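Chains as they are written, first to last, in the working numbering: chain B, 1 to 272; chain G, 1 to 284.
To be clear, the hints were calculated from the coordinates, so they are not data collected in a lab.
Just to be clear, a hint being listed does not mean it is correct.
[As the list claims (entries may be wrong)] Computed beta-carbon distance windows for the label pairs:
1) S7(G) <-> L11(B): 57 to 65 Å
2) L52(B) <-> S52(G): 54 to 62 Å
3) A97(G) <-> L52(B): 48 to 56 Å
4) Q134(G) <-> R128(B): 40 to 48 Å
Nothing here was measured: the structure is a model prediction, and the numbers come from that model.
Think of the CB as a built atom: it goes at the ideal place given N, C-alpha and C, for glycine as much as any other residue.
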Amino acid sequence: MKSRPNWPAGLFALVWLAIVVGPLYYVVTASLRTRQEYLGSHPLEFPANPTLDNYVTVLDGGFGKYLVNNIVVTVATVAIVLLVGVPCAYAVVRGTGRFVQRGFTLLLMGLAIPAQATIIPVYLLITRMHLYDSLTAIILPTAAFALPVATLVLTNSLRDVPSELYEAQAIDGAGPFRVLVSLVLPLARPAIMTVVVYTALNAWNGFLFPLVLTQSESSRVLTLGLWNFQGQFGTNVPALMAAVLLSVLPIFAVYLFARRFLLSGLTAGFGK
Amino acid sequence: MRSQRPSGWYAVPAYGFFALFAVLPMVLVVYLSFTSWQGLGTPVPNGTANWSRLIADGEAHAAVGRTVLLMVVSWLFQTPIALLIGVWAAGPQRSRAVLSSIFFLPLLLSTAAIALLWQALLDPNFGIAAGGMQFLGDPDIAIYTVVFVISWQYIPFHTLMYQGAARAIPASLYEAATIDGASRVSKFLHITLPQLRYTLVTSSVLMLVGSLTTFDTVLILTGGGPGTATRILPLHMYITGFSGFEMGYASSIAVVLVVLGTALSVAVMRWSGFRAMSSQQEGS
Chain B
1 MKSRPNWPAG LFALVWLAIV VGPLYYVVTA SLRTRQEYLG SHPLEFPANP
51 TLDNYVTVLD GGFGKYLVNN IVVTVATVAI VLLVGVPCAY AVVRGTGRFV
101 QRGFTLLLMG LAIPAQATII PVYLLITRMH LYDSLTAIIL PTAAFALPVA
151 TLVLTNSLRD VPSELYEAQA IDGAGPFRVL VSLVLPLARP AIMTVVVYTA
201 LNAWNGFLFP LVLTQSESSR VLTLGLWNFQ GQFGTNVPAL MAAVLLSVLP
251 IFAVYLFARR FLLSGLTAGF GK
Chain G
1 MRSQRPSGWY AVPAYGFFAL FAVLPMVLVV YLSFTSWQGL GTPVPNGTAN
51 WSRLIADGEA HAAVGRTVLL MVVSWLFQTP IALLIGVWAA GPQRSRAVLS
101 SIFFLPLLLS TAAIALLWQA LLDPNFGIAA GGMQFLGDPD IAIYTVVFVI
151 SWQYIPFHTL MYQGAARAIP ASLYEAATID GASRVSKFLH ITLPQLRYTL
201 VTSSVLMLVG SLTTFDTVLI LTGGGPGTAT RILPLHMYIT GFSGFEMGYA
251 SSIAVVLVVL GTALSVAVMR WSGFRAMSSQ QEGS
């Protein structure tokens, strides 16, 4: 069937492209300017003498430490979510008892809990557990608040597994744990990828928990590091933009390799 | 034959973990709202003092007003754009696929990065608005600038939802309408929009809850200023608790946030795709 080209929509899409790409272009070019040039030239001009000095400034300013902390927080959060989330989803889908189903309903209600509203009691708990100002203080609540969506995505995927497959395993004499390892894990792989992406992105970009639950330089993550750079560099906007760009690069690299997983991960749990 | 069903123990670590860091805090925040606590030492019960103070606190009421304004304006701004781009991007052309993968880029940036980027870009002296346009410094404009930055960050997410939903609309509906000679606009109004209604509701409620709990964008972009022009409720809670060390009073503000958030989320369960999703689960 023929369809006429939709000119107004196409034009609008181009305008939106400019609104999306313009600021990103600005970050790149601003980060390549000298401070002198930043103060004197138009912000959308391409820099006359591009320099990488700003990146050197940022990398000397503790960026490496923040990056390492971010990786630790992200990897640990994802590991915890998978370690407790996958068996939980398996129990919800295949288990019987009331306790499991009631608990799942409660977990789903957690989708509605705004993390901001619980930050004061979480702060109280973390200080009472003597975890304040450690990476663990960020990891535990981040993982807990990622669990509802993670479990939802995993259960939705496991429900699609025909029960004949489970029964065949049982006839072979496999106990629940072997079924988990040899049947559930391989079949849930796409859902697990989605959970990994969703959880990792949240942990990587997290702001509130690090802000409230850590304090010192040694446990600072990237997002807080960026904010800190703003104070530290004062009006040195080119250096700040270099820091912004450096903080985004790892995710851009992942995006290039795993675009499909990233996009499904971002809308995880919100069915069509 | 050994039992093939996993026992409830498989769910215990997840439930325990969630109970400790999400359910218990929900209960605790209500308790803390009836205490006086400076953040150090032990919370001291002080009856309903925080609540009577909240009822009389004009600054808190203003913060609620700003939050509602932010929610409404964000919804009005984001929904039409996300809907139109999502439906457009659902088309089969290759150029659309390429464009939409660029459209999603803001989703990858952290809120901190986005707020700092826009702050620099909108700087009245050295940004694109040089010539003294005060996007963030004018109390009448600042909150709309905040809405714009939030939209820049989240429109891609909602676009993604609409795009997925629009792709799932059966082509036969459009073919029939084309045979009947329906125009593009009338096809959009009479086929696309009705078919997207669940997505529209889900997206709207996510947007509203998201705006209700907006925090880091505003903290970095304006710090609540100029004056208190962008001090929305979550930020008011944070400043009261962690800068003013009035954790008890801040907890009562947090309870208000929980109630508002829950009310909105009940709306999700009621009217959106979540209902279909959960009934599917119970039926299996």
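> Which hints from the list above does the structure break, by number from lowest to highest?
Replying inline: Result: hint 3 breaks, nothing else.
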